[in-house]
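Undergrad: Residue strings, one per chain:
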Amino acid sequence: MTAVPLDADRTDRPALPVSQPPADRTYPLRRALEAVLVPLAALLLAALGFCVFLLWLGKSPETFFSLLWRGAFGSWFSLQNTLVKASPLLLTALCVALPAQLGLVVIGGEGAVVLGGLAAAVAALPFVGLPAPIAWIAMAVAGMAAGGLWIGLTGWFRAARGLNETIVSLLLSYVAIALFNQLVEGPLRDPASLNKPSTYPIGEALALPTLFGSDLHPGLVVGVLACLAFWFLIYRTSFGFAARVTGGNIRAAEVQGLPVARLIILACVMGGACAGLAGSIQVAAVEGSANASLIAGYGYAGILIAFLARHNPLAIPPMAVLLGGISAGGGLIQRRMGLPDATVVVLQGLIFVAILTGETLYGRFAWFGPRAK
Amino acid sequence: MAETSALTTLLVAMLAGALRVSTPFLFVSLGECLTEKSGRINLGNEGVLVFGAMAAYAISYETGNPWIGVLAAAASGAVIGAIHAALCSLRRVSDIAMGIAIMLAGTGLAFFLGKPYVQPSAPLLPPIPLGFWSDVPQIRSALDVSPLFFLGLIVAGVLSWGFRATRIGLTIRIVGDSADAAKAMGLKIERIRILATAAGSALAGIGGAFLSLCYPGSWNEGLSSGQGLMAVALVVFARWNPLTCVAAALLFGAAGALGPSLQTVGITKGYYLFYAAPYVLTLVLMALTVVPGRTLKGMPGELSLTR
Numbered sequence: 001m002t003a004v005p006l007d008a009d010r011t012d013r014p015a016l017p018v019s020q021p022p023a024d025r026t027y028p029l030r031r032a033l034e035a036v037l038v039p040l041a042a043l044l045l046a047a048l049g050f051c052v053f054l055l056w057l058g059k060s061p062e063t064f065f066s067l068l069w070r071g072a073f074g075s076w077f078s079l080q081n082t083l084v085k086a087s088p089l090l091l092t093a094l095c096v097a098l099p100a101q102l103g104l105v106v107i108g109g110e111g112a113v114v115l116g117g118l119a120a121a122v123a124a125l126p127f128v129g130l131p132a133p134i135a136w137i138a139m140a141v142a143g144m145a146a147g148g149l150w151i152g153l154t155g156w157f158r159a160a161r162g163l164n165e166t167i168v169s170l171l172l173s174y175v176a177i178a179l180f181n182q183l184v185e186g187p188l189r190d191p192a193s194l195n196k197p198s199t200y201p202i203g204e205a206l207a208l209p210t211l212f213g214s215d216l217h218p219g220l221v222v223g224v225l226a227c228l229a230f231w232f233l234i235y236r237t238s239f240g241f242a243a244r245v246t247g248g249n250i251r252a253a254e255v256q257g258l259p260v261a262r263l264i265i266l267a268c269v270m271g272g273a274c275a276g277l278a279g280s281i282q283v284a285a286v287e288g289s290a291n292a293s294l295i296a297g298y299g300y301a302g303i304l305i306a307f308l309a310r311h312n313p314l315a316i317p318p319m320a321v322l323l324g325g326i327s328a329g330g331g332l333i334q335r336r337m338g339l340p341d342a343t344v345v346v347l348q349g350l351i352f353v354a355i356l357t358g359e360t361l362y363g364r365f366a367w368f369g370p371r372a373k
Numbered sequence: 001m002a003e004t005s006a007l008t009t010l011l012v013a014m015l016a017g018a019l020r021v022s023t024p025f026l027f028v029s030l031g032e033c034l035t036e037k038s039g040r041i042n043l044g045n046e047g048v049l050v051f052g053a054m055a056a057y058a059i060s061y062e063t064g065n066p067w068i069g070v071l072a073a074a075a076s077g078a079v080i081g082a083i084h085a086a087l088c089s090l091r092r093v094s095d096i097a098m099g100i101a102i103m104l105a106g107t108g109l110a111f112f113l114g115k116p117y118v119q120p121s122a123p124l125l126p127p128i129p130l131g132f133w134s135d136v137p138q139i140r141s142a143l144d145v146s147p148l149f150f151l152g153l154i155v156a157g158v159l160s161w162g163f164r165a166t167r168i169g170l171t172i173r174i175v176g177d178s179a180d181a182a183k184a185m186g187l188k189i190e191r192i193r194i195l196a197t198a199a200g201s202a203l204a205g206i207g208g209a210f211l212s213l214c215y216p217g218s219w220n221e222g223l224s225s226g227q228g229l230m231a232v233a234l235v236v237f238a239r240w241n242p243l244t245c246v247a248a249a250l251l252f253g254a255a256g257a258l259g260p261s262l263q264t265v266g267i268t269k270g271y272y273l274f275y276a277a278p279y280v281l282t283l284v285l286m287a288l289t290v291v292p293g294r295t296l297k298g299m300p301g302e303l304s305l306t307r
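First to last, the sequence lines map onto chains A and B. By full-length UniProt numbering, the letter at position 243 of the first sequence is numbered 243, and the numbering carries on one by one without gaps. By full-length UniProt numbering, the letter at position 271 of the second sequence is numbered 271, and the numbering carries on one by one without gaps.
Derived by calculation from the structure, the hints in this document are not laboratory data. Where hints are given, some of them may not hold.
[To be verified] Listed below are the simulated DSSO-like cross-link pairs for lysine-lysine, each with C-alpha atoms no more than 30 Å apart in a straight line:
hint: 1; chain 1: B; residue 1: 188; chain 2: B; residue 2: 269
hint: 2; chain 1: A; residue 1: 196; chain 2: B; residue 2: 269
hint: 3; chain 1: B; residue 1: 297; chain 2: A; residue 2: 59
hint: 4; chain 1: B; residue 1: 183; chain 2: B; residue 2: 297
hint: 5; chain 1: A; residue 1: 196; chain 2: B; residue 2: 188
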C-alpha cells in the first residue's frame, strides 16, 4: 500500500472532536465533569435558540417541549417508541465514531444501512423453512459484509489514493441508494409488491421476536453490546491505542511504524459492518423485506449522534435515546401543534451546530484543569 | 423534415441536459472555489443550495418578480455562509463537521419555512430562446437556456480574472495559501475568510434559485440530491480554477442527463443505475486526478480538505 499523504506538514488543523479531553491527568474528575457540562450547556443553548424560533413563529415553547417530553418519554408506549427508533441509531453512530478515532469524518453510513438491509433480505431467502437462528446468522453476516465492504471501499480510497473520505463516503452513499433502487425495482422485486416495490418477504417465521412482550426488538441489545465492545476495543486494546495515536498525530504514527493504511481500512470496515448490521436488523425485526423504508436517514442521524457523543462509544446510547426521543416526539408535535415534520430537523440542526461550537470551550476554563493551548 | 436518428436525439437530449442541469453545479462549485481559495471548506453549501431554492421560490411567489427571488437566495446564502465561517474561526471547531451541521440546519429550516410553498406556483425566470433558428422542436427546447447560466459564465470569468489580477483576489489567495505569510503582511485572516465564505455561499444560493425558478422549476423537498456536496469534489477536479469549473459543471450536467436521455430514446433498462452516473463520475475523476503524496497544482495550502 502506498504511503498515506495525510496532513504531513499541517499542525494547526482543527482537531476532530475525539472523545478524550486534552491529555492531562491532574484533575481526572474535573475533566470528566467538563466532558459532561460542555455538551449539556450546548444542548441548553440549542433549546433556548429553538424557543426563540418558536416564539418568532408565534408558537408556545412550553407546549412544544412538554409535548416533546410526552411523545418521547411520557408513557411506556412512547418510551418503547423512542427505544425502537434509537435501536438502529446505536449502530449507525458507530459507523461514524470508529473511523473518527483515526481522525476520519465518514458521513456515508446511509449507503451501508441500505445495502446491508438489501443483502440481509436476499440472504434470508434460501433459509425459509429452516430453523430461524441459522437464517438470522446468515442475515447478520450478509448485512455486515455488505456494509463493511461499502465503507471499507471509502477507507481504501482514503488510504491508497488519498481522497477525502467525507466526500467519497457521501458519493458512495448515493451510488448505494441508486443500486438499491435498481435491484429492488428490478431483478429482486417481489411481483406481489405493487405500490411499494419490495424484495420477497422473509416471512413471519424468520422475523426477529420482540422482547418480553414489548415492542422492543433485539436490535437494541445488539446495539448496546456493540457500543460496549467497541469502547473496550478503543480504550483497552493495542489496536485502539494505535488508532487513537493515528487520530492524534498521523505523522507520529507513521514514524512509529504503525500500519496507518491498514488501520484506516479496518476502522472503516468495522464501522460499515455496524451500519450494515443496523440495516439487516431493520429488515429482520421491523420491515420484513427490503424496501424504500430503509432509506429513512438512519445513517445521517448516526452522524449527529456520534458527534454529540464526541465519538465515545459509551456516550452513544444516551445520545441515541435523546435523538430517538426527539424523532418519536415529533409525530405528536406535528399532530397537536400543526407544525411541519421538518420542525424536528430544525431542532436537530440547532443542537448539532451548538454542540460543535461548544468544542471551542474545552480547555478554556482553568477550573477544569490546566488550560490547553 | 428528415427523421432524426436515435443517436441525434440522444446527443441533443444530453446537450440540453448539460445546459440545464449544469447551472447549479456551476454556481455551487464557483462559490466553493472562492471559499476554498481563502483556506476554508464549506460543506454547508448543500444546505445553502436547498435554502436558496426555497427562499427564491417563496420570494418570487410573494413579490411576483423572480429576480428578487434570486437576490433573496443570494442574500440568505451569504448570511448562512457568514455564520458557518464565523463559527469555524473559533479555536478547535472543525470546518468539515460544522459544514455537515450547517447542511442539516439549512435543509431543516428550508423544509420548515418552505412548507406553505410546495403547492402554489411562483413566477419562474423566463429562459432565453437560443434555438429560434431551428425548426426541430427538440433543438429548440434544448437551447432554451436560463439567463442564470450566462450569469454563471460571467461570474466564472470575473473570478478567474479577480484571482489573477486584483488586490482582493491576491489577498484571498495569500490567506488561503499561507496563514503565516498573511499574518506577516498584517492581513485580518478570519475577517477575509468570513467574507470569502459569505460571498461563496451567496453564489451557492443563486445555484439553489436556479433549481426552483428555472429547472425543474418548482419547490419541493427532494429538489437537491447532493449537488452542493459534489461541488466540493468538482472543485478538486477543476483544480481550484473558476474557468475549469465551467467545463466540469457541463460534464456533470451531461452525466446527470444520461439516464433521462436514454429513456427518451427507449432505453429504460438500468434506469436507476444511471442516476448514479454523476456520483460515479466524480469518484473516478477524483481517484484519477489526485496523486498520493503530491500537492495538487492550484491547491490552497491552508485547506483541510485534501490535507
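Undergrad: Does each hint fit the structure? Answer for all of them.
TA: We went through each hint and held it up to the structure:
{"no.": "1", "hint": "B/188 / B/269", "result": "violated (56 Å)"}
{"no.": "2", "hint": "A/196 / B/269", "result": "holds (19 Å)"}
{"no.": "3", "hint": "B/297 / A/59", "result": "violated (53 Å)"}
{"no.": "4", "hint": "B/183 / B/297", "result": "holds (23 Å)"}
{"no.": "5", "hint": "A/196 / B/188", "result": "violated (56 Å)"}
When the structure is compared with the earlier hints, violations turn up for hints 1, 3, 5 and for no others.
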